Structures are given as structure tokens and as C-alpha cells.
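*Asks:* Here is what each chain is made of, one letter per residue.
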Amino acid sequence: MSPTPSPADAPATDDAFAPPRAQTQDVDGRTWAVASGCWTTLAMSTRPAWEALAKDLAALPPADDRAWDLRPIGQLDHIGAQLLWEHWRQAWPATIELSPQHQAVLDQVAKFTVATPDEPPKSLSDRLHALAHHGPRAMVVLRDFVGLIGQLALDLCTLARAPHRAPWRDFSGHLYQFGATALHITALVGLLIGVVLAYLISQQLRNYGAEAFVVNILGLSLIRELGPVLAAVLIAGRSGSAITAQIGVMRVTEELDAMRVMGIPHGFRLVMPRVLALAIAMPLISLWTSMAALAGGMLAADAALGISPSYFLSALPRAVPISNLWLALAKSAVFGVLIALIGCYFGMKVKPNTESLGRGTTSSVVTSITAVILVDALFAVLFKGIGFRG
Amino acid sequence: MNAAVTSPSSTVVDIRKLWTVFKSPDGEQVVHRDLDLHLDRGEVLSLVGGSGTGKTVLLRQILGLQKPTKGAVEVLGRAPGELSAAGAANVGMLFQHGALFSAFSVLENIAFPLRELKLLPDELIRNAALVKLQMVGLEPQHANKSPSDLSGGMIKRVALARALIMDPPLLLLDEPTAGLDPEASDSFCDLLRGLHRELGLTVVMVTHDLDTLFDLSTRIAVLADQKVIVSGTAREVIAYPHPFIHEYFLGGRGQRALEALHDKPAAGKAPPAPQPEAARAEER
Numbered sequence: 001m002s003p004t005p006s007p008a009d010a011p012a013t014d015d016a017f018a019p020p021r022a023q024t025q026d027v028d029g030r031t032w033a034v035a036s037g038c039w040t041t042l043a044m045s046t047r048p049a050w051e052a053l054a055k056d057l058a059a060l061p062p063a064d065d066r067a068w069d070l071r072p073i074g075q076l077d078h079i080g081a082q083l084l085w086e087h088w089r090q091a092w093p094a095t096i097e098l099s100p101q102h103q104a105v106l107d108q109v110a111k112f113t114v115a116t117p118d119e120p121p122k123s124l125s126d127r128l129h130a131l132a133h134h135g136p137r138a139m140v141v142l143r144d145f146v147g148l149i150g151q152l153a154l155d156l157c158t159l160a161r162a163p164h165r166a167p168w169r170d171f172s173g174h175l176y177q178f179g180a181t182a183l184h185i186t187a188l189v190g191l192l193i194g195v196v197l198a199y200l201i202s203q204q205l206r207n208y209g210a211e212a213f214v215v216n217i218l219g220l221s222l223i224r225e226l227g228p229v230l231a232a233v234l235i236a237g238r239s240g241s242a243i244t245a246q247i248g249v250m251r252v253t254e255e256l257d258a259m260r261v262m263g264i265p266h267g268f269r270l271v272m273p274r275v276l277a278l279a280i281a282m283p284l285i286s287l288w289t290s291m292a293a294l295a296g297g298m299l300a301a302d303a304a305l306g307i308s309p310s311y312f313l314s315a316l317p318r319a320v321p322i323s324n325l326w327l328a329l330a331k332s333a334v335f336g337v338l339i340a341l342i343g344c345y346f347g348m349k350v351k352p353n354t355e356s357l358g359r360g361t362t363s364s365v366v367t368s369i370t371a372v373i374l375v376d377a378l379f380a381v382l383f384k385g386i387g388f389r390g
Numbered sequence: 001m002n003a004a005v006t007s008p009s010s011t012v013v014d015i016r017k018l019w020t021v022f023k024s025p026d027g028e029q030v031v032h033r034d035l036d037l038h039l040d041r042g043e044v045l046s047l048v049g050g051s052g053t054g055k056t057v058l059l060r061q062i063l064g065l066q067k068p069t070k071g072a073v074e075v076l077g078r079a080p081g082e083l084s085a086a087g088a089a090n091v092g093m094l095f096q097h098g099a100l101f102s103a104f105s106v107l108e109n110i111a112f113p114l115r116e117l118k119l120l121p122d123e124l125i126r127n128a129a130l131v132k133l134q135m136v137g138l139e140p141q142h143a144n145k146s147p148s149d150l151s152g153g154m155i156k157r158v159a160l161a162r163a164l165i166m167d168p169p170l171l172l173l174d175e176p177t178a179g180l181d182p183e184a185s186d187s188f189c190d191l192l193r194g195l196h197r198e199l200g201l202t203v204v205m206v207t208h209d210l211d212t213l214f215d216l217s218t219r220i221a222v223l224a225d226q227k228v229i230v231s232g233t234a235r236e237v238i239a240y241p242h243p244f245i246h247e248y249f250l251g252g253r254g255q256r257a258l259e260a261l262h263d264k265p266a267a268g269k270a271p272p273a274p275q276p277e278a279a280r281a282e283e284r
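Residue numbers (the UniProt record's numbering), protein chains in the order written: chain A, 1 to 390; chain B, 1 to 284.
To be clear, the hints were calculated from the coordinates, so they are not data collected in a lab.
Do not rely on the hints blindly, as some may be mistaken.
Rough simulated footprint, nothing fancy, chain B against chain A, three-plus residues with beta-carbon under 8 Å [said to hold, decoys possible]: (1) 42-48; (2) 71-82; (3) 156-166; (4) 352-363.
A few chain B residues that face chain A, going by a derived Cβ cut-off under 7 Å, partial list only [said to hold, decoys possible]: (5) Ser102; (6) Asn127; (7) Gln134; (8) Met166; (9) Ile229.
DSBU-like, lysine-lysine: derived pairs with alpha carbons at most 30 Å apart [stated by the list, open to error]: (10) Lys55/A with Lys111/A; (11) Lys55/A with Lys145/B; (12) Lys111/A with Lys67/B; (13) Lys351/A with Lys145/B; (14) Lys122/A with Lys118/B.
Bear in mind that the values here come from a model prediction, so they are computed numbers and not experimental data.
Where is the CB? At the ideal position from N, CA and C, for every residue including glycine.
Can you build the whole structure from these sequences, using the hints too?
*Replies:* So, in C-alpha cells, the structure goes:
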């Protein structure tokens, strides 16, 4: 530190944890602002130290005639220097005493402190433009999605022509991932829904003495509607998000670009195996869910209404025509294709940053669940004359 | 000027009898065996070694991201775990691929450690981040870009600015010049040398770039046979008889870099290219 006599009595401190302070002192009839201690981020970054320093600085508002003595400062880093510089309103005080090394730090801060470049504010026309973009964007999504379906059709033709070149290992891996590993959760959910539904219905049916009809209601609603939709919603949340995340991460890590450079088409190698796997796994999962739900309903009907499982099982084929099962399976296959395609679409659309990946996964799940329910309604309208007795 | 100059203790990193063992189903793999390493204030230490000799693992252990199997690591007289809790004020790390937060703009990335203190006023933080941005040779108009719009060299610079925002006494660099073109590497080396001089930093760096190695380091530590076989100046290290050192430094590339080192006093006097120019050239 400088050997010249300092207006401050305190010697320069080398202690790395001396709190930064600033005080006034009168020397030779002049008021000096004396900064001391350790003006580093580490020393300032505790609340008591920062509050003490902020109070000190507030008591020393920048004035033209104030003289500053920085020599007692032990350490001064860029944040400390920045703090002083901001306190001086980005101009040197008229009188200042400081050591050359602190001068160097302050010089650098003074040189590089510039006005923050503002982001250009959004004008009204920008906002209108952004709003107007939603229409065309929906069209673009629709067009891309139709393109994806077309590509899938072409890839299926390629597959039919040369089945030995298809990525069968991938396909079987996906089949296991989407199908076999989803058995526990779908069974549990199906079973519980079956139990809940059976109890609810039995309460009402007992009022009319129509207990035996629990088989008809449960069988028809579970096999035809609830089983497939429940399974599809679960799989959309489970596998749809996984597909989007997988493909999205491949986009982030440039794996997709690497594949394209090697001449391996994304559609044939990534989309088609996933779509095929879900198209096959989805009907099986939906059948499995319906079975679990019926088992739950059967147990609950036994407990609540005294309908024995053997009666339940013998009445079921009479109450529910077999065409309902085919309808459910066909519907499920369509759900599977939709979920896989939507998952792949949003995965491909991910931009290389984490935020976009999160948004893509969310959109994928929300869109596929909405699509499943829309298509289910469509099926209900189209096939309203099929599968009902009488 | 800062902690590196005035603080009494001179040891920054002290590693004693360090063992690192990775367990895998096929058995154990010993990466470090009784490794000792000592680092004083103001040094620029380069870690050199073949692939899989545990250079990056050593950096992660200094940072406290990974626990050694046996032995002690002390950074600034404390265990590395305690240091990480104290935040970016003690140790700055430049990750190999930058590790910038892609959801934030450049300025927000640099200011992030300061903002997280939830203490300093916003204006101060923004200006401090802008100062650091310009210290690493970028211009203020890059501040609002997002990391995905930056070139590789600019990402490294922004990551360096973020590592330096709290003026940590210790800076760790993992492959600082990997993936940069020669001109960008040179200007990055100039930048690091300037920062080392101005801030009195202690630097540990892992690098395979021989030019960077000879250009920046005051000491080179060679990792082989699961320990530091030799550490010293470039001349001392090259003189050490070991097959790895022979291959590494005395192969064709090493010879060329060494020649450049000998020419250095003459070449070093040429004024370095002005930083903003270099940064502009890197911009896509």
C-alpha cells in the first residue's frame, strides 16, 4: 500500500474477511470519505455485510466536493469497483487517493461500463404480425403432419418391398418399451376404474331392482369406450412424451443431422418403427386394460350386488356382441398410430435448446390426448349402429 | 489487486495420496493411485496425459463434483464440497462445451451467479456483467443474444466471462481451446494470459493443444501410470525420461510446437490483434 500518510488512521488490512466499510473523516478541515476493508464479492455476499455497506454508502451521497480515500481498502475486485463506480454515478470524484493497483481495476471498470443495449421494444405491428401468424402456423402444422403421414405411407411401401432391410431390432425394442413395460400401470388403473364404476352403477341399479344389468353396462362401456380411451391416455402420457424427448434430444445433440448426412432417412429409421410398434402394442394394451377393468368390476359386483363371477362371465358374451371388441381393437390401433406420429412430429420440431425440448414434450402429450378423444368421438358417431343388441 | 496478491497463504490446491477407483461389473479400474499435486497462487498449471488418465476426473474432484475414493483434496484450505456451497466467488470453471444455460441470454448467463445471491442491486449486476463481457473481448451488442446464436469461440468466451463474474481466485479450464480455429485459439490464449496478469488468477487447465500448453502454462504436470510422474517447466518435463512424454512432446506435432516456443521471444513482441476485431471475425 502507499506509504504516504493516509487521512484514515486504520492501516490497510490484508484480512480476506474484513467487511467492506465507508466512513467520513475530517482531516485538515476537509471531509474525506474513507473506504476500508475488503471490497470483494465474497466479503459483500453476506446479508449483514451488504446491508452495513449499503447504509454506509447511502450516508455518503455523491457530492462534488467530496474527497475519497481508497488506500485503506485491502482488496478490490471488479464487483467492488463497479459498486464504487455506480455510487459515483459513473464519473471520477474530484479528489481521490488510491493505490495504483486499485486504479487499474477502477480504470477497467470505468472503461467498460456502457449503457445496457436494450432489446428493441415490440411495436404494435410486430404484435399484430405475431398474432396473425397463428393462422398460417396452424396451417403449417397441418401441412407438416400430412407430410409425415404421407412419408409413413411411402415408408410402409418400402417396407413391403424389402422387409429384410427394415429396422426390426428397433421395432422389437420399442414394442417391449411401449407395450410390455406399460402392463403394470395400465392393469392397476384399469382395475381401480372397474371397481369404482361397478360400485357407482350398483348403487343406482339396486333402486330399480335391475341388478343383473350391471353386466351389460360394465361390459359395453368398458370394452367399447373406457378401456381403449383409458389405455390411450396412459400411453400418450407415457410413451408419447418418451418419443418426443428421445427424438428431441437427438435433435439437440445433432444426432438427427448425423443420420441425414449418412443418408439414413428419419422417416424409415425413426418414425416408422415407433408407429408400427405402437400400432401393434396399443390394441393389446387396450385389451389388457379392459380385461383388468372387467375383473375389477366383476369383483365389485360380487361384493356389492352378490352377482357371482360365474354368472358375470356367462352373461358377458350375451350382453356384449363380439363386434364391440373388433371396434375397440381397430380404434386402439388408430390411437397408437396417432400418438406415435404426434410424438415424432413434436420431437422433430424441437429446436436445439432445453426450453424448446420441454415445450415440445408438453405439446406432444396435450395434443395426443386431445387427438385421442376427438378420434374416439368420431368413431362413436361413425359406428353408432354397430355392436348394440336389439 | 485481489485475493491472489494479498492473501497470506500461498497454497491454492493441495491433493495428497489421492485414489480414484471406478467400479464396474467386470472389476475395478484404478484411475489415480497415490496421486500428489500441489498448486501455489498465481500459477498456471496444465494437466497433460493420455486419454483415460483421469484429467477431467481430477478437475471434477477439485470442484467437488466427484468424491475421491481415498485421500484428501483441499482447495483454498477447505474441502471442495464446502467451496461449492459458497458459490462462484471461490472457483470458476470453464466447461469443455461451455455449459451455458440455453434458456437465458448471454447477459443473463454471465449475471446468473450474482443474481442468485439476491443481494446486489440489479443495475450493478447488469453493468458488472457487461464489463466482464467486454473483458473477454465481446461487444455489448452480443448481450441479448441467446447461446444458440453464438459461434463456438463466442460460447467459450461467454462461459469464461460467467466463470469470472465473481473474480474467483481459482479458475479451472477443461480444454479451453478445443474446437477453436487457430486464430481464435491464439486470441483466447492472449485473453487468458491478460486476465491472468490482471487478476492474478491461479489456473488449472486440461489441454491437448500443445501450442496453448507451451504458451500459457508456468508449470506442466504429466499424468501417467495413475499418478503425476513429473511436474515442472516445459523444459524440465521434456527432459524427463518416460515413453509417454517422449511420444507426446517429441513427436512431429510436439517438435513443431517446441520450435514455436523457441521463436517466441521474437514473435511475442508483435502487438496482438485487437480483441474486438477477433471477436467480430468469429461472429457467424
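*Asks:* With reference to the structure, classify each hint as holding or not holding.
*Replies:* Do the hints match the structure? See the list:
For the stretch 42-48 of chain A, the stated coverage by chain B is satisfied: 4 residues place a CB nearer than 8 Å to a CB of that chain, which reaches the threshold of 3. Using a Cβ-Cβ cut-off of 8 Å, 7 residues of the stretch 71-82 of chain A lie near chain B, which meets the minimum of three, so the contact claim holds. Coverage of the stretch 156-166 of chain A by chain B is violated. Counting CB-CB distances below 8 Å, 0 residues qualify, and the rule asks for three or more. Under the rule that three or more residues need a Cβ within less than 8 Å of chain B, the assignment of the stretch 352-363 of chain A holds, with 4 such residues.
Restraint check, Ser102/B versus chain A: the minimum CB separation of about 4 Å is within 7 Å; hint holds. A cut of 7 Å between beta carbons decides the hint on Asn127/B: the least distance to chain A is about 5 Å, and the hint holds. Here the hint on Gln134/B is kept, as its CB sits about 4 Å from the closest CB of chain A, short of 7 Å. Interface restraint check: Met166/B against chain A, minimum CB-CB distance 4 Å, threshold 7 Å, status holds.
The closest approach between the C-beta of Ile229/B and any C-beta of chain A is roughly 35 Å, which is over the 7 Å cut-off, so the hint fails. In summary, the hint linking Lys55/A to Lys111/A is supported, as the alpha carbons are separated by about 27 Å, within the 30 Å threshold. For the hint pairing Lys55/A with Lys145/B, the CA-to-CA distance comes to about 36 Å; that exceeds 30 Å, so the pair is violated. Between Lys111/A and Lys67/B the CA atoms are separated by roughly 42 Å; this puts the pair beyond 30 Å, and the hint is violated.
Of the supplied pair hints, the one linking Lys351/A and Lys145/B holds, its CA atoms being roughly 16 Å apart against a limit of 30 Å. About 29 Å separates the Cα atoms of Lys122/A and Lys118/B, which keeps this hinted pair within 30 Å; it holds.
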